[in-house]
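Colleague: Sequence:
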Amino acid sequence: MKKIIFATGNQDKMGEIRSILSDWDMELQSMKEAGIELDIVEDGTSFEKNACIKASAVAAQVQEEGIVVLADDSGLEIDYLNKEPGIYSARYLGEDTPYSVKNQKILERMEGVPKQERTARFVCAIAAADINGEICVIRGTIEGYIGWEPSGANGFGYDPIFYLDEYGCSTAELSEEKKNELSHRGKALRAMRQKLEELSL
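Taking this note's numbering, the leading residue of the sequence shown gets 1, the next gets one more, and so forth.
Each hint should be verified, as a subset may be incorrect.
[What the hints assert, rightly or not] Okay, the calculated beta carbon distance ranges per label pair:
no. : residue 1 : residue 2 : range
1   : Cys136    : Lys32     : 23 to 29 Å
2   : Glu143    : Thr45     : 20 to 26 Å
3   : Ala191    : Gly15     : 47 to 53 Å
4   : Trp148    : Glu33     : 39 to 45 Å
5   : Glu37     : Lys178    : 32 to 38 Å
6   : Ala60     : Glu33     : 14 to 20 Å
7   : Ala153    : Ile131    : 38 to 44 Å
Since the hints were derived computationally from the structure, they do not count as laboratory data.
Owing to the predicted nature of the structure, the values given are computational and were not obtained by experimental measurement.
Where is the CB? At the ideal position from N, CA and C, for every residue including glycine.
Taking the hints into account, I'd like the entire structure generated from these sequences.
Modeller: Right, dumping it as structure tokens:
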């Protein structure tokens, strides 16, 4: 394995990935850095299926042996809302809708709901593929609850409304190091790294 291309155009996500894998002696590139432009239709019915769709689509554009494509599909599941927004987390209320608006809408829908019914989790499925096709897919999660107001500026997306009981704060209030240690994406990426090293790709 000479290089990893991560199938994302999200710079916040790419920054988080680089931080989580900072001690891995491996060249990491985004799709843009690798010169790959694709409009991928994510029509899977699960995080895992969408991650595999993205990884396979980008891997099909790679000509060189020894390159592994990683793709993730991640989102927020809120039990009270029947696990919404789930796989539609990025597209909830429209792809271009600011997360401040999305977060406020969720808080409005949860108004009056007691804490014990506000359980939620972040989910991240990461798929790996090379030019020969799919290799594996791994899931990471972090359990928490939906708070009553947004708080914190360290995260992105739904971080300001996702709270952790054991820390008494939102994931947007955690330090970058602590968030990467606990997060769904951190868990999934570290597990995927271990799997790829075991496969000696």
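Colleague: Compare the structure with each hint and give your call.
Modeller: Here's how the hints hold up against the structure:
Between cysteine 136 and lysine 32 the beta carbon distance is about 25 Å. The supplied range of 23 to 29 Å therefore holds. Judged by the Cβ atoms, the range 20 to 26 Å given for glutamate 143 and threonine 45 holds: they are separated by roughly 23 Å. Here the CB-CB span from alanine 191 to glycine 15 is close to 20 Å, at odds with the stated 47 to 53 Å. Taking the beta carbon of each, tryptophan 148 and glutamate 33 are about 40 Å apart, inside 39 to 45 Å as hinted.
As the Cβ distance of glutamate 37 to lysine 178 is approximately 35 Å, the hint placing it in 32 to 38 Å holds. Taking 14 to 20 Å as the suggested C-beta distance range, the pair alanine 60 and glutamate 33 conforms, at roughly 18 Å. For the pair alanine 153 and isoleucine 131, the supplied restraint of 38 to 44 Å holds, since their beta-carbon distance comes to about 41 Å.
The structure fails to meet hint 3 from the earlier list, while all remaining hints are met.
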